[in-house]
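S.K.: As a plain string of letters, each chain reads:
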Amino acid sequence: MYRHSVEIIENKKIASNIYKMTIISNHVAQTANPGQFIHIKIPYDESLLLRRPISINGVNRDQNLVDIVYQVVGKGTKILSHLVTGEKLDILGPLGRGFWIPKGTKKIYIVGGGCGVAPIRFIGERWNHLDITSFLGFRGQSWAYQIDEFEKFSIKVFLSSDDGSIGFKGPIISLLDKQLSIDKPDLIMACGPIHMIKALQKTLIKYDIPCQISLEERMGCGIGGCLVCTCAIGSKNNWNYKKVCTHGPVFWSEEVILDGEFETKC
Amino acid sequence: MENLKLNVNVAGVHFKNPLIAASGTFGFGLEYKDYIDLNQLGGISVTGLTLEPRKGNPPPRIVETPSGILNSVGLQNPGVEYFIESVLPELKQYNTIIIANINGNSLDEYCHMASRLQQADIHMLELNLSCPNVKQGGVSFGTDPKMVYSITKAVKKHSYQPLVVKLTPNVTDITEIALAAQQGGADAISLVNTFLGMAIDVKTRRPVLGNITGGLSGPAIKPIALRMVWQVSKVVDIPIIGMGGIMTGQEVVEFLLAGATAVSVGTANLVSPNSMIEILNELKNYMVNNKIFDIHELIGGLIV
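From first to last, the protein sequence lines are chains W and B.
Just so you know, the numbering used here puts 126 at position 126 of the first sequence, and the rest follows in order with no gaps.
Just so you know, the numbering used here puts 48 at position 48 of the second sequence, and the rest follows in order with no gaps.
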């Protein structure tokens, strides 16, 4: 049964409006892959019907611990932020198709922006035998988190912020672009806000490097039944709405159509 | 608990219990097979089918509202041919009633689909005259009693399986529409589909949904749905499949008391994939605790 009740081990603020929760789940810890998510029922308020999809930040297989990192954006995540050690959560997961390493991959660049830094950490933790360079973008110093974790598995960590309070002042994709012009990896993996993903897609036009991106969309069931979390996947002239929850959330960057310049049949 | 009689008969179709997965919330059922035993369900109304494959509406397609959900999927589906050839064979391995929910842009399309499904191994046909998320057909057919009558009558001629007509609640007088469906030859009626609604993001000043408006479902609409089922049950002679925000076994009982012979569960499936099994167990517990051994003791049992 993928739906199960889990106990909260720790829940703490790690940056401005950003929290890290550790839960104990044998099933998720043993089976989850980077890029996958858990679907959390919000306790204490039955009017909040939908589960919240939160990506997995890392696992400890020895102790069956699972870390998730989330930003408080509304009522549901606010309730999550108030939960304490020992309380229980009703979760589904791990769900979705995560990142994967194609055969022969040796060197990877991993790119995270804001909340999207969280799932990227799991990549480095799981595939730390690879040659990893990290690119992390935050709004500013007070929003930054887990940089020390990235330093553990990265050859180098590039940082940027909107206000320049940490690292380079400007978009993280500008730093990535500069680095790509010097040295190219076998694969790029990224997660972040939509404007970051769009900038990444634009940058990639110049380089012939495969890139996997993790998408976020408003979600319903989480298991492919309700068709609400869709994204246009394919090419300009031949695309379809695919489900972010089960076909994704990770897709090849080149097949994700985000610019909305397409017509729907309805 | 094993002695409970839960089976109901809707227009000659035998359901082992009155719980049906509502169209559009349960995919083709197979998406849920790893989470629940589909054999335990009374029936499955598959995701809304159209004659040709349909892409559906641009995202975002869902937003949570107080005790409810607004959706604007727009009937994304691979088309009726694909359903018959590639989905139905696997779905038929389960012992549950299969209802094909059909949607057309025109009278001809509805008839064409009903004809195509005549030879298909389904138990019932659900004529969806109530989708609020498409520009042609859907709710625009379902709000006009004359149109409901003529489409029902035409499709009935082309259909082999018992015909359920699914009604929209976005009308002034639901009984008028229900009677039109009955006069047109409907074998049963299902109600209600979602209520047309919208949500606005005040930061961006834009609608939250890509389609601007969407259909509201969930506990927020339950009292209105229940009232409509009760009103319709007083005027029609054909069986009713009641739905609208059912989350618990207790609420199934409410719809049965109001006059429904069976119920559909929709939004609850989005909350948890095994919701229907929990609801079924709650229904059984209610019956045991209240010494009701046959579900028929509840149907239409409202005391007023």
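Hints may contain errors.
Away from chain B, derived, C-beta distances all over 10 Å, residues of chain W [said to hold, decoys possible]:
1) S16
2) R51
3) T85
4) D186
5) P210
6) T230
With a Cα cut of at most 30 Å, we get these calculated DSS-like pairs of lysine-lysine [as the list claims (entries may be wrong)]:
7) B:K203 - W:K20
8) W:K103 - W:K13
9) B:K16 - W:K242
10) W:K202 - B:K203
11) W:K106 - W:K152
12) W:K198 - B:K203
13) W:K88 - B:K5
14) W:K106 - W:K184
15) B:K156 - B:K16
16) W:K41 - B:K156
17) W:K242 - B:K156
18) B:K203 - W:K13
19) B:K203 - W:K41
20) B:K55 - W:K236
21) W:K169 - B:K203
22) W:K75 - B:K203
23) B:K16 - W:K12
24) W:K242 - B:K92
25) W:K88 - B:K284
26) W:K107 - W:K88
27) B:K16 - W:K198
28) W:K41 - B:K33
29) W:K242 - B:K153
30) B:K16 - B:K55
31) W:K78 - B:K156
32) B:K55 - W:K202
Source of the hints: derived by calculation from the structure; they are not laboratory data.
Cβ atoms here follow ideal geometry from the backbone N, Cα and C, with glycine treated the same way.
S.K.: Below or equal to 30 Å on CA atoms is what counts here, so check K203 (chain B) against K20 (chain W).
M.R.: Distance of about 27 Å is within 30 Å: holds.
S.K.: Regarding the pair K41 (chain W) and K33 (chain B), is the alpha-carbon distance no greater than 30 Å?
M.R.: Within the cut-off at roughly 21 Å; holds.
S.K.: Given the hint that K78 (chain W) pairs with K156 (chain B), test it: the Cα-Cα distance must not exceed 30 Å.
M.R.: violated, 52 Å
S.K.: Within a Cα-Cα threshold of 30 Å, do K107 (chain W) and K88 (chain W) meet the stated pairing?
M.R.: Roughly 40 Å between the alpha carbons, so the hint for K107 (chain W) and K88 (chain W) is violated.
S.K.: Please check whether the beta-carbon of T85 (chain W) is more than 10 Å away from every beta-carbon in chain B.
M.R.: holds, 25 Å
S.K.: With a cut-off of 30 Å on the C-alpha distance, tell me whether K156 (chain B) and K16 (chain B) pass.
M.R.: Holds - the C-alpha atoms of K16 (chain B) and K156 (chain B) are around 25 Å apart, at most 30 Å.
S.K.: Do the alpha carbons of K203 (chain B) and K13 (chain W) lie within 30 Å of each other, as the hint requires?
M.R.: Measuring from Cα to Cα gives roughly 26 Å; hence the hint holds.
S.K.: Mind checking the alpha carbons of K88 (chain W) and K5 (chain B) for me, to see if they're no more than 30 Å apart?
M.R.: violated, 36 Å
S.K.: Sort out whether K184 (chain W) lies within 30 Å of K106 (chain W), counting only the CA atoms.
M.R.: holds, 11 Å
S.K.: Would the non-interface assignment of D186 (chain W) survive a Cβ cutoff of 10 Å against chain B?
M.R.: At roughly 31 Å from the nearest Cβ of chain B, D186 (chain W) sits farther out than 10 Å, so the non-interface label holds.
S.K.: Just to be careful, I want the Cα atoms of K16 (chain B) and K12 (chain W) compared with a cutoff of 30 Å; is the pair within it?
M.R.: violated, 49 Å
S.K.: So is T230 (chain W) really clear of chain B, every C-beta pair being over 10 Å apart?
M.R.: violated, 5 Å
In terms of the numbered hints stated before, the structure departs from hints 2, 6, 8, 9, 13, 16, 17, 23, 26, 27, 29, 30 and 31, listed from lowest to highest.
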